[in-house]
Structures are given as C-alpha cells and as structure tokens.
Amino acid sequence: MFPRFRGGSACPGHPPNMPEGTTASRLRLAGLSFLLQILTIILFAVFVRYSPESGSGPCSQQLNCSWKNRDLGFQHPRFRHVHLQDLLGFGLLVAFLGRYGPGSVAISILVVAFAIQWAVLIQGFLYFFLNGKIYVGSQSMVSADFCTAAVLISTGALLGRVNPVQMLLLTLLGVTLFSINEYILLSLMGVSDSGGCLTVHTFGAYFGLMVSRILHQPHMDKRKEQQDTGHQPDVFTVLGTIYLWIFWPSFASATTVRNNAEPWAVLNTYFSLAASTLATFVLSPVLYEESTLRMVQIQDATLAGAAVMGMAGEMLVTPFGALIAGFLAGLIPPLGFRFLTPVLRSRLKTQDTCGIHNVHGLPGILGALLGTLLTALATADAYGGRLELIFPLVAQGSRTATDQALCQLCALPVTLLLASLGGCLTGAVLKTKGLRSPPDTRYLENPGLREVAEEGGDRRASRKEPSTSTLV
Numbered sequence: 001m002f003p004r005f006r007g008g009s010a011c012p013g014h015p016p017n018m019p020e021g022t023t024a025s026r027l028r029l030a031g032l033s034f035l036l037q038i039l040t041i042i043l044f045a046v047f048v049r050y051s052p053e054s055g056s057g058p059c060s061q062q063l064n065c066s067w068k069n070r071d072l073g074f075q076h077p078r079f080r081h082v083h084l085q086d087l088l089g090f091g092l093l094v095a096f097l098g099r100y101g102p103g104s105v106a107i108s109i110l111v112v113a114f115a116i117q118w119a120v121l122i123q124g125f126l127y128f129f130l131n132g133k134i135y136v137g138s139q140s141m142v143s144a145d146f147c148t149a150a151v152l153i154s155t156g157a158l159l160g161r162v163n164p165v166q167m168l169l170l171t172l173l174g175v176t177l178f179s180i181n182e183y184i185l186l187s188l189m190g191v192s193d194s195g196g197c198l199t200v201h202t203f204g205a206y207f208g209l210m211v212s213r214i215l216h217q218p219h220m221d222k223r224k225e226q227q228d229t230g231h232q233p234d235v236f237t238v239l240g241t242i243y244l245w246i247f248w249p250s251f252a253s254a255t256t257v258r259n260n261a262e263p264w265a266v267l268n269t270y271f272s273l274a275a276s277t278l279a280t281f282v283l284s285p286v287l288y289e290e291s292t293l294r295m296v297q298i299q300d301a302t303l304a305g306a307a308v309m310g311m312a313g314e315m316l317v318t319p320f321g322a323l324i325a326g327f328l329a330g331l332i333p334p335l336g337f338r339f340l341t342p343v344l345r346s347r348l349k350t351q352d353t354c355g356i357h358n359v360h361g362l363p364g365i366l367g368a369l370l371g372t373l374l375t376a377l378a379t380a381d382a383y384g385g386r387l388e389l390i391f392p393l394v395a396q397g398s399r400t401a402t403d404q405a406l407c408q409l410c411a412l413p414v415t416l417l418l419a420s421l422g423g424c425l426t427g428a429v430l431k432t433k434g435l436r437s438p439p440d441t442r443y444l445e446n447p448g449l450r451e452v453a454e455e456g457g458d459r460r461a462s463r464k465e466p467s468t469s470t471l472v
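Residue 1 is where the sequence shown starts when you use this note's numbering, and the numbers rise one by one after that.
Honestly, I wouldn't trust all of these hints.
What the hints assert, rightly or not - Simulated DEER-style distance windows between Cβ atoms:
| # | residue 1 | residue 2 | range |
| --- | --- | --- | --- |
| 1 | T379 | V286 | 17 to 23 Å |
| 2 | R49 | L188 | 24 to 30 Å |
| 3 | G132 | L39 | 14 to 20 Å |
| 4 | V286 | I41 | 52 to 58 Å |
By construction, these hints were calculated from the structure, which means they are not laboratory data.
By construction, the Cβ of each residue, glycine as well, lies at the ideal position given by its N, Cα and C atoms.
Using the sequences and the hints given, assemble the complete structure.
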C-alpha cells in the first residue's frame, strides 16, 4: 500500500516522488522484520517443542498452568477467545482514530504477530523450560496472548507518533520487561493476578505512558490534527465494544480455577461490565453538554470495568461487590478525560493518544487495591477447596491471609517501578536519531503501514469534546 502523491499515480514498483527519508524508513522496516523473524525461527528450532498431552510438564504453580489439571477440551476454546480478543478486539478499538485508523489496525496486527512469537520464547525460558527445551501447549499460548495484550495497551499511548520500526522495537523490549515483571510477581512474590490487573493493565499502561513521556517533543504541542469525518470510526467502536463483551470474560478467566468449579471470574467480569457501562450514563450527561452519549464513552467504561476485575475476578468479590467495583471503575474514564488528562498533558507532558491512563492504568490500580482487600479477608470457610488453587501458600500454612495481602499490595509499587524504568529505557532506545520518522510533513499518508509523519500529535488535544476520547 503506497500513498498517492500529487503529480503522479501510485505504482507499487516505482512510487513517484518518494522522499529519501521515506524510502529509508521502508527499508529499515523490511530489514528489521526479516532479522527478527529469522532470529525467532532459529530460536524456535533450537529450543521449542510441543508438550506431551498427558503427563507432567514444567510449569509454574503460581501461573495456574499445570497441564495435568487442565481440561484441554475446555482450554482450547478459551485460547481462541483470548487470541480473538487480542487480534480483533484491540484492533477494532484503535480503528476509531479516523486519521490513523487503517494504519493503527495494521500496527496492531504487526505487534500481535511478533509479540506472540517473542513471548513464547521469553516466557518459555522462565516457566516452561526443562532439559534444555521449551515445551509449549495451549496454556503457554494463553500466557503469550496476555503478554501481547499488555504490549497492545502500551501502543495505545503512542499510535500516530511512532513508526512501525519503533513499534517492533517497543514490542521486543516490552515483551521482555513484561515477562520479567510477571515472573517477579507471580513466581517470586506469589501474587494472585489471574486476569492481569497488574501484569497486563497497570504495567502496559504506565510502560506506554513513560515511553510517550520520553518521546515528547515540545514543538509538536501546537500542531492540530485534521478532524475526522464520517461515521466509520463510530462503527468500529461499536464492533470493538461488542467484542469486549463477548470475549473479555474468557480473557479474564483464561488462567483461573476450573475443575468444574463455578466460573467466578467470568461472572464477576460480566457484572462489572454491566455496572461500569451504567456508570457512564450516570456521569457523562453531567460532565458534558452533549445531548446523546457517544459510543466511545461506553467503550471506555467497558474497558475500565474489565480492568478492575483483573485481580479480584476469581476471588470472593460476590455479585454485589463486582457491581460496586464496576460502577466505580466506570466513573474513572469520564472524570479522567474531563479533569486529569488536560493536567497530565500540560504539566507532565504526557501525550496519550488513546487514553490508556484512564481506562487501563487507574482502573488497574483500583483493581489491585480491591484484590488486596479481598485477600486479607480470605478464609478456608469462605473459599473451600478454591483456597489452595487461588492462594496456595495460605492454604499450606506458609503465609497468613494478612501476609498474602501485603504481598499483593507490594506488587503494585513493584509493577509501577518496573514499568517506569522499563519505559524510560525503551523510550531512550526509540528516541535514537536513526529510528525517528522522516521530518517531511508534506506527505500525510506514509507508505506501508501509513505511519503518521507528524509525530507527537494527540488527537484528543485537538478536539473540544473530551468525551470523544477513547482507548485501546
């Protein structure tokens, strides 16, 4: 897909008037994609093997991924749901960016394609490594999809401001840092975070925000993006929101307790989604003067409701507790876009293209605090046989419920610290002069994946209605 430049027709073989910087960018993308794919193929050939369908396999108990205790007939549909959420759900959720839309969806597919391969390797060395080999199965693919989701959340702060080469490097470093953070929390600290409240939502949001802060360019602040026209972005928003309702409960419960037990994570997530959506209808008409609610506001609330149940979903939050948590999470996006986002943009110079701070970051923190409270209240009488599967160290007597709750609480600053430091490192790498997009802004449509020439443009900053903001 080459752009059509004035003064000549676009020819795939010989695009006319192609600027030199654009050609170099295309060649860098092709070269990096080739090198990364060859590298992963070699590593797969040396290390990766399929795990036996029966018998014991190497796995972390904290990750709840023992193949012996899994119903594979149930696990395979769950994997498909998680993968569809990554590929279609997140892809449609960024299509609202009218100017960046097609390129943003293509970028999401690029990230998914590489992140899954790299996550299988990095997480494999940490969790599924035995006798010099990485044994992969359905659960290792679910873990890779969780990692991919965190990276996709991070890209929501940067869409339209980085080129595909930078996105590939962001994925390379993001997957590695995510896996390290996950290993520290789940294996070393023994934290229960089955739905990725901290490891996916919180880490992904603040990692992306810190990268965005490092890449901030002051002279870009005054640039105004072109206004979107037509209804296509709203249509994509509707589809993305529907995908969230269909597939996110499976995503949130993909690594939770099974063994024919009631799917608490699925039910709690549904209750939370319902309450968070209703919260938008309560608050948005008060904050904004629009006569009708925008679909993107419902999308924001849906994501916030999903994020808040990431840790507490499989715990005994109770149905009314899930409704309360979802309702509180649904209040965060409209309040955040109305009051907090302008302050962060002007004072801290954070440019958040898709508003991930209000939909993933803050609800993730709220979910971590809720999970900590529920952990402190965990008892054998309330959980029964689930206690050993959700809090194995408590059930074994190695920890008290209070000790486990303290570990859950400490996981929050650990995640924020690793996300911030990792974001600074990644931002410094992406800021390297040779990786920046060509400075020629005459060409609004860039080749290949339609990377945006005007770096640093925040679509929300150029629009008068904060409520039109949405997120990845």
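Results for each hint:
no.: 1; hint: T379 with V286: 17 to 23 Å; in the structure: 40 Å, violated
no.: 2; hint: R49 with L188: 24 to 30 Å; in the structure: 26 Å, holds
no.: 3; hint: G132 with L39: 14 to 20 Å; in the structure: 19 Å, holds
no.: 4; hint: V286 with I41: 52 to 58 Å; in the structure: 55 Å, holds
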